[in-house]
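Number of protein chains: 2
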Amino acid sequence: MIIYSKNIYLPNQVKKEGYLIINNGIIDDIVDSVNTNDYVDYSDYLIIPGFIDQHLHGWGTGSFVSSRDEKQLYEMKKHLPKAGVTSFLATTGAEPIDELIKGINSVGNVMNNQKEGSTLLGIHLEGPFVNESNKGMMNVNNFLKPSVDVMKKLVDSQNVMNSIKLMTMAIELEGAAEVIKYCNKNNIQISIGHSCATFETIKKLKELGVNGVTHMFSGMSGFHHRELGVAGSALYFDDLYCEFAKQTGITVKKEAFQIAYKLKGANRIIMTTDNAGISQIEKERYHYVRKQYFIPDGDKFIIRNEDGSEKVFDRTNYDDIKDLELSYIRSIQNLKNNVNPSVHDIIKMTSENSAKYIGVFDKKGSLEKGKDADILVVDKDFNLKVTYCMGRKCFEDV
Amino acid sequence: MIIYSKNIYLPNQVKKEGYLIINNGIIDDIVDSVNTNDYVDYSDYLIIPGFIDQHLHGWGTGSFVSSRDEKQLYEMKKHLPKAGVTSFLATTGAEPIDELIKGINSVGNVMNNQKEGSTLLGIHLEGPFVNESNKGMMNVNNFLKPSVDVMKKLVDSQNVMNSIKLMTMAIELEGAAEVIKYCNKNNIQISIGHSCATFETIKKLKELGVNGVTHMFSGMSGFHHRELGVAGSALYFDDLYCEFAKQTGITVKKEAFQIAYKLKGANRIIMTTDNAGISQIEKERYHYVRKQYFIPDGDKFIIRNEDGSEKVFDRTNYDDIKDLELSYIRSIQNLKNNVNPSVHDIIKMTSENSAKYIGVFDKKGSLEKGKDADILVVDKDFNLKVTYCMGRKCFEDV
Numbered sequence: 001m002i003i004y005s006k007n008i009y010l011p012n013q014v015k016k017e018g019y020l021i022i023n024n025g026i027i028d029d030i031v032d033s034v035n036t037n038d039y040v041d042y043s044d045y046l047i048i049p050g051f052i053d054q055h056l057h058g059w060g061t062g063s064f065v066s067s068r069d070e071k072q073l074y075e076m077k078k079h080l081p082k083a084g085v086t087s088f089l090a091t092t093g094a095e096p097i098d099e100l101i102k103g104i105n106s107v108g109n110v111m112n113n114q115k116e117g118s119t120l121l122g123i124h125l126e127g128p129f130v131n132e133s134n135k136g137m138m139n140v141n142n143f144l145k146p147s148v149d150v151m152k153k154l155v156d157s158q159n160v161m162n163s164i165k166l167m168t169m170a171i172e173l174e175g176a177a178e179v180i181k182y183c184n185k186n187n188i189q190i191s192i193g194h195s196c197a198t199f200e201t202i203k204k205l206k207e208l209g210v211n212g213v214t215h216m217f218s219g220m221s222g223f224h225h226r227e228l229g230v231a232g233s234a235l236y237f238d239d240l241y242c243e244f245a246k247q248t249g250i251t252v253k254k255e256a257f258q259i260a261y262k263l264k265g266a267n268r269i270i271m272t273t274d275n276a277g278i279s280q281i282e283k284e285r286y287h288y289v290r291k292q293y294f295i296p297d298g299d300k301f302i303i304r305n306e307d308g309s310e311k312v313f314d315r316t317n318y319d320d321i322k323d324l325e326l327s328y329i330r331s332i333q334n335l336k337n338n339v340n341p342s343v344h345d346i347i348k349m350t351s352e353n354s355a356k357y358i359g360v361f362d363k364k365g366s367l368e369k370g371k372d373a374d375i376l377v378v379d380k381d382f383n384l385k386v387t388y389c390m391g392r393k394c395f396e397d398v
Numbered sequence: 001m002i003i004y005s006k007n008i009y010l011p012n013q014v015k016k017e018g019y020l021i022i023n024n025g026i027i028d029d030i031v032d033s034v035n036t037n038d039y040v041d042y043s044d045y046l047i048i049p050g051f052i053d054q055h056l057h058g059w060g061t062g063s064f065v066s067s068r069d070e071k072q073l074y075e076m077k078k079h080l081p082k083a084g085v086t087s088f089l090a091t092t093g094a095e096p097i098d099e100l101i102k103g104i105n106s107v108g109n110v111m112n113n114q115k116e117g118s119t120l121l122g123i124h125l126e127g128p129f130v131n132e133s134n135k136g137m138m139n140v141n142n143f144l145k146p147s148v149d150v151m152k153k154l155v156d157s158q159n160v161m162n163s164i165k166l167m168t169m170a171i172e173l174e175g176a177a178e179v180i181k182y183c184n185k186n187n188i189q190i191s192i193g194h195s196c197a198t199f200e201t202i203k204k205l206k207e208l209g210v211n212g213v214t215h216m217f218s219g220m221s222g223f224h225h226r227e228l229g230v231a232g233s234a235l236y237f238d239d240l241y242c243e244f245a246k247q248t249g250i251t252v253k254k255e256a257f258q259i260a261y262k263l264k265g266a267n268r269i270i271m272t273t274d275n276a277g278i279s280q281i282e283k284e285r286y287h288y289v290r291k292q293y294f295i296p297d298g299d300k301f302i303i304r305n306e307d308g309s310e311k312v313f314d315r316t317n318y319d320d321i322k323d324l325e326l327s328y329i330r331s332i333q334n335l336k337n338n339v340n341p342s343v344h345d346i347i348k349m350t351s352e353n354s355a356k357y358i359g360v361f362d363k364k365g366s367l368e369k370g371k372d373a374d375i376l377v378v379d380k381d382f383n384l385k386v387t388y389c390m391g392r393k394c395f396e397d398v
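Those protein sequence lines, which keep their order, are chains A and B. Under our numbering, the very last position in the first sequence is 398; numbers go up by exactly one each time. Under our numbering, the very last position in the second sequence is 398; numbers go up by exactly one each time.
Since the hints were made in silico from the structure, they are not lab data. Mixed in with the good hints there might be a few duds.
No copy is singled out in the list; a pair is fine if it fits within one copy or between any two copies.
Claimed, not checked - Heads up, simulated BS3-like pairs for lysine-lysine below, C-alpha to C-alpha not over 30 Å straight-line:
1. K262 with K356
2. K152 with K102
3. K336 with K204
4. K264 with K204
5. K206 with K16
6. K15 with K145
7. K291 with K204
8. K262 with K203
Keep in mind that this is a model prediction, so the values were computed, not measured.
Chain A on its own, in the form it takes in the complex (with noise of 0.2 Å):
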């Protein structure tokens, strides 16, 4: 397949005119004319990377959260091409270590036989080594002291090599350290979240390889001008990567992200939404940023707001339910609003960043030579055109 555009964004340029060669899910060449009009004419769309979204417990019909199974994660492939997501982490919560190594190997199962949709990349564990302290949602009686034990049972349970590929941690907990340098020798990235460790341990323990924080100013200590917390101190150490959840404005005000952009710039933040497929919970709970009820019944699903008034959806039906959550795509139309970044910015934080963060930059992250057709065509609003996954047309707005 060929694709045609006159801006095809390649790292650090814009190719004016060019075609795109792909072959076997792959780039297979980035050229200026070919002797052939058997391409898609994209002509004043911009041609970007997909975006990586490497905080994603669920989308529409499908939460991996929920269940961890694999039914959940083949309705999460199919449905994230349509918010521009073409790769992503299945991310947990702090489960019971049976739940998590369940996740693992379903996660592993789905990797083996991708079928079609998006590509998942692998897992993101967020715990079970995390604070009580800044639980936010999650359960604490899940909760654990870090414990090389324990992570060498989750990493011995891979039936994919290296298929964990993120953890959440708070690195403050005793043990911390020597759970650090074990994921470290097993590829594992770790983010500091759910967590109030000091400036003075994260000074200390980021030279072991922590090199970000996860969902940026929540779950974590504030900035505090005598403490500066995990907050602050992402905001202090140019070199720490800010994850961001979704721009909605109600979690993280924009203000406030415009403070943590001026200071971090676009080659330290990476973008994901941390949604849950929220729709598809198995337990009534309360959202306490929201002070919404989520109620599951059958086959529907119930909002009751604080006062008494419901909304109900149709689980199943992903058009029903898709904007109960800020989709990616839309967030990146509020980060273009909130910060105006440009397109090479824009694409370092949906992209290359959390390719490189992850460990994928080899295949994704970037349009170049050789790497997977991760492919999103945009309009100049990033209004979503396409999205190709591995080189497969997946969405399409018609």
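Dock chain B against the given chain A, drawing on the hints supplied.
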């Protein structure tokens, strides 16, 4: 008098060979050559404008905040040149209105009869319209709701026109908008301080003429990602000035200062000391940041640590007590180590910005023809060599 140097810091340029001609306390001219050998040669030192301390309760053997009388002000004037401060605002706390009026009158009297030393520019009212929520070390019994009637009383008590130059205020309090407008009309700058104002309040009221914050980070609502508070708003709004109390590294960690410096830049930071002349207090008190008891006893001043250990000082002897608080010049040495600003940026933060903020830039804040001859001679490490106040040598390091 004529001063010669190879490093005269004029606005936006360094004069590499030049002479400052000083007559009657004024910079009469700045020239390339003179027809006389009768000049002071500071060849290798830097010539910069004197420091302005707009937030100063006391220094050394004088403490305006303790008794608000003229004697204290003359003591401060005498010793401030040793710290590089060539002009200052006498700063109150929140006191009963009668006491504030007494202070305003003392300031006016001293302004009318400056004698020698650092120039008293007027008064900074830190209160009484401040918020119990962020009281810091102030006495809440003297806090008042903003009232134009009270403000009018203070303004009308001025025995020198426009001696009230600056007021620190909690702008979220009921009635604040009217007081801000009244102060604007009377050329009184408003700084937000001892305040828990929200982002929305600040966004709205800054349009009325609220242009900065008092002792950034201290005595204000902290930065949070869902409600930016005073600290977050000060970081966010590019045009708000941030006054910083001295860089001890205790009240505000240097890393927190570095974050603010990166965001605000030298154009919007005003260095002050917030010094109190602590040895001159009238009643015993506990300092919650230093975790020490301060005990006055006749001519003696005792500092008692929490473990009971004590140190006794002669509080009538400047040299015995001068190191009890960090001096302006030493704070600037710390500033230099913390963020490595250019000399011109140091001048902005120590002189120019404050002069503009409190409305004295026609006379102070830069070395220019026609301005007051407030001049410091420093070496490249900002060790103070000589201080001139209104053309008169008030300090020399011998």
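Right, here's what the structure says about each hint:
no., hint, result
1, K262 with K356, "both (21 Å within a copy, 26 Å between copies)"
2, K152 with K102, "within (15 Å within a copy, 73 Å between copies)"
3, K336 with K204, "between (35 Å within a copy, 25 Å between copies)"
4, K264 with K204, "both (20 Å within a copy, 28 Å between copies)"
5, K206 with K16, "neither (41 Å within a copy, 45 Å between copies)"
6, K15 with K145, "neither (50 Å within a copy, 63 Å between copies)"
7, K291 with K204, "between (38 Å within a copy, 27 Å between copies)"
8, K262 with K203, "both (22 Å within a copy, 19 Å between copies)"
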